[in-house]
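Asker: Chains as they are written, first to last, in this note's numbering: chain A, 1 to 660; chain B, 1001 to 1158.
By construction, these hints were calculated from the structure, which means they are not laboratory data.
Note that this is a predicted model, so its numbers are computed, not measured.
Here a beta-carbon is modelled for each residue, glycine too, at the ideal position from N, C-alpha and C.
One should not assume that every hint holds.
Listed below are the simulated EDC-like cross-link pairs for lysine to aspartate or glutamate, each with C-alpha atoms no more than 20 angstroms apart in a straight line [as the list claims (entries may be wrong)]:
(1) B:K1045 - A:E376
(2) B:K1045 - A:E381
(3) B:K1004 - A:E269
(4) B:K1030 - A:E376
(5) A:K540 - A:D480
A few chain B residues facing chain A, derived, Cβ under 7 angstroms [claimed, not checked]:
(6) V1015
(7) F1036
(8) A1043
(9) G1089
Chain B stretches covered by chain A per the calculated footprint, using a threshold of three residues with CB under 8 angstroms from any CB of chain A [said to hold, decoys possible]:
(10) 1002-1011
(11) 1017-1028
(12) 1090-1102
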Amino acid sequence: MIVEFGHFALILAVMVAAFQMIVPFAGARRRDVRMMNTAEPAAISQLILLAIAFVALMHAYVTSDFSVANVAANSHSTKPMIYKISGVWGNHEGSMLLWVLILALFGAAVALFGNNLPPTLKATVLAVQASVALAFLLFIVMTSDPFLRLDPAPADGRGLNPILQDPALAFHPPFLYIGYVGFSIAFSFAIAALIEGRIDAAWARWVRPWTLAAWMFLTIGIAMGSWWAYYELGWGGWWFWDPVENASFMPWLAGTALLHSALVMEKREALKVWTVLLAILTFSLSLMGAFIVRSGVLTSVHSFAVDPERGVFILGILVLFTGGGLALFATRAHEMRTGGLFQPISREGTLVFNNLLLVTATATVLIGTLYPLVLEGVTGEKISVGPPFFNMTFGPLMIPLLLALPYGPLLAWKRGDLVGVTQRLVFAIAGALLLAALAYAAFNRGPSLAPFGIALGAFVMLGAITEWALRVKLGSAPSDEVIRRAKNLPRSQYGTLLAHFGVGLMVIGIVGTTAYQEERILLMKPGETVTVGGYDATFKGVKAEKGPNYMEDIASFEITRGGEVLTTLLPSKRLYDAPPQPTTESGILASWRGDLYVVIGDPQGDTTAYAVRAYFNPLVRFIWLGALIMFIGGGISLTDRRLRVGAPVKSRRAAPVPAE
Amino acid sequence: MTRKQKRGLMIGSGVAVLGVAAIMVLFALKDSIVFFHTPSDIAEKGVPAGQRIRLGGLVANGSVVRGQGTTVSFKVTDTLKELPVTFTGVLPDLFREGQGVVAEGVLDGNGTFAADSVLAKHDENYMPAEVKKSLEERGVKLGTSAHPEDAAKTSAQP
Chain A
1 MIVEFGHFAL ILAVMVAAFQ MIVPFAGARR RDVRMMNTAE PAAISQLILL AIAFVALMHA
61 YVTSDFSVAN VAANSHSTKP MIYKISGVWG NHEGSMLLWV LILALFGAAV ALFGNNLPPT
121 LKATVLAVQA SVALAFLLFI VMTSDPFLRL DPAPADGRGL NPILQDPALA FHPPFLYIGY
181 VGFSIAFSFA IAALIEGRID AAWARWVRPW TLAAWMFLTI GIAMGSWWAY YELGWGGWWF
241 WDPVENASFM PWLAGTALLH SALVMEKREA LKVWTVLLAI LTFSLSLMGA FIVRSGVLTS
301 VHSFAVDPER GVFILGILVL FTGGGLALFA TRAHEMRTGG LFQPISREGT LVFNNLLLVT
361 ATATVLIGTL YPLVLEGVTG EKISVGPPFF NMTFGPLMIP LLLALPYGPL LAWKRGDLVG
421 VTQRLVFAIA GALLLAALAY AAFNRGPSLA PFGIALGAFV MLGAITEWAL RVKLGSAPSD
481 EVIRRAKNLP RSQYGTLLAH FGVGLMVIGI VGTTAYQEER ILLMKPGETV TVGGYDATFK
541 GVKAEKGPNY MEDIASFEIT RGGEVLTTLL PSKRLYDAPP QPTTESGILA SWRGDLYVVI
601 GDPQGDTTAY AVRAYFNPLV RFIWLGALIM FIGGGISLTD RRLRVGAPVK SRRAAPVPAE
Chain B
1001 MTRKQKRGLM IGSGVAVLGV AAIMVLFALK DSIVFFHTPS DIAEKGVPAG QRIRLGGLVA
1061 NGSVVRGQGT TVSFKVTDTL KELPVTFTGV LPDLFREGQG VVAEGVLDGN GTFAADSVLA
1121 KHDENYMPAE VKKSLEERGV KLGTSAHPED AAKTSAQP
């Protein structure tokens, strides 16, 4: 009964979305306040209806109601409770329901907090948002209904893919979806601005917090996915340039560009047309991500819930919104006046440079991701584009971006002083070079460019610290004034500083682990020892154990360093009951220096010997720590009064930007 | 600088960055794409030794031999032709005789494929898409994939 109730709520949500798309839009065109005012209750009731549908599906999962086809296909009665809940979005139908729920959540948030928006803009934004929701709701109802019943109901379910039964992955999809879907708000605002034919700095001020929120969650969502792949897939890698990874990375790159161009638009009224275009492109890339992940057109290491026919429907949605958005842009963009002028060497200039590089980088990732598809369509040749392509194209584009990054916030708006800023950054430059020398001495091997990579990361981090020191006048003002300035520095500024610091940290982690990874593959008998990354790992043997829903062969490795016993690592191989599938669990000893990472392979015939892979991944933690700091930076920035959603306009004067 | 000059500079630098990126993309595509072949393709087309390719097919029944240390040899078949493969490292969880597999590496001079990575899909019924398509093109009948949902791959890269 609850399931039918959820199903009914879902169908009602389709109708509400259709209403919300048409009536407020027509109202905005005819300046009819009563029609426009329907957008708000419609958006909220759409959210409530979808929440009911989602909770109903979750209830079916929690109670293991196998008469629901979706539950029977993806859950199992012996599964731990957390994975029964995460199983709701661990499959195609449920994840699409989560997708529309988040769409409705963002729509309702605009309805509730957008009181200071001009009424026609608000109504149009909510109508566009509803059109996106309607497309996906129709997709669910027509091709991917999660509420279909089975008769007779099977005795038990087929279970969730065991490699998805993992705490980090349980929360990875919701975060990723908040990111993907969050960009729909930027899209809706862009389309609404084009329809209204009017755009100004206030527009950027409304769009920026939403973009920032989406960007934050996409950042942490991608990082969680990467972390999960690192410890769960057992290959010792953290990023594979796989199509599904690229699908989430492209909107992130474009979203990062959008965040920065919206800043220029807000402060200087420049780059208006470009910002609108980026907003359309960013959400289009999110839609394309959904298409790549859902359609299975590209062979991927983590392709879940793949169905080509549904892919065609999503492709239709993608073509409709991207094509429609770009067509509208082409016809209306020229009506927008361009704003503030600036010299090439200025803060605007660096932000344009940032956008240029980020968008070009997005394009290279796009080409590498889609090229196999295009080539197969044209010539029938099957190819794969691997990491070397991305390392050769994406990598070099990041170097000028990172070099310019510390300059951006230190240059003045309109016209900047490159030499002066370089002088202020002299400590950062010196520190970065010193660290490069230290890295060279410490590792004394690996690619000769690696120390420069470390220096680049350090330059970005030290640049952020330098910026903070300059803003609070550290060393040049009495300490009480420094404290006062540190307190008065706007939170958005702290957010930027932290996010940039996180970028630098991440770069160091990426360079460190890529250039200096150590790897050993060997056959080990109990009692034998392998040395990697300064650790000695002694294989103590394997014993079988039983988990809640799997059987497990657990190997134990005693880890010593310089004769001192540190810990015992327990990598294992599991065989799950339902579905009967083997997985590899890695054993990891983490430290700031790097991770010792051990996995076992198959036993060699009847002997007690096992194939063992042991890695030392230097500085690898910094990658995810960097992402976490970026996430926190975004969060702090969001709490800034100026950005606070729905904050009164007068609060704008509360935080003057120090004129450095 | 006049407004026109500034605009020129901006467009110029944009074009320059895009141009450099385009050149890098073309070079990278030339050097780093990997073609996918089945054993029959290799027999017909004659892939030169040393060229990096992906080999796809089924792991031939009874062909897996565990050699010295972590080296494993097996044969990949598309049911018409088969090709011997050697691989040093830890095989993915779902590597099994009779199952679909994709191996990346180079042919040596003796007609043996030296793989440096092996991919197998993380599902009992799943067949890597390229393998399935190639086998179907050659008229090989396969059992229908019961539920391609839940599919995930594991890979072994030494």
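Asker: A separate judgement is required for each hint: does it hold in the structure or not?
Answerer: Hints, one by one, checked against the model:
1. B:K1045 - A:E376: holds, 18 angstroms
2. B:K1045 - A:E381: holds, 13 angstroms
3. B:K1004 - A:E269: Roughly 19 angstroms between the alpha carbons, so the hint for K1004 (chain B) and E269 (chain A) holds.
4. B:K1030 - A:E376: holds, 16 angstroms
5. A:K540 - A:D480: Answer violated: K540 (chain A) to D480 (chain A) is near 60 angstroms, above 20 angstroms.
6. V1015: violated, 10 angstroms
7. F1036: holds, 4 angstroms
8. A1043: violated, 17 angstroms
9. G1089: Holds, about 5 angstroms.
10. 1002-1011: Since 4 is at least three, the answer is holds.
11. 1017-1028: With 7 residues in contact (Cβ-Cβ under 8 angstroms with chain A), the coverage given for the segment 1017-1028 of chain B holds.
12. 1090-1102: holds (count 4)
In the structure shown, a violation is registered for the earlier hints numbered 5, 6, 8, in ascending order.
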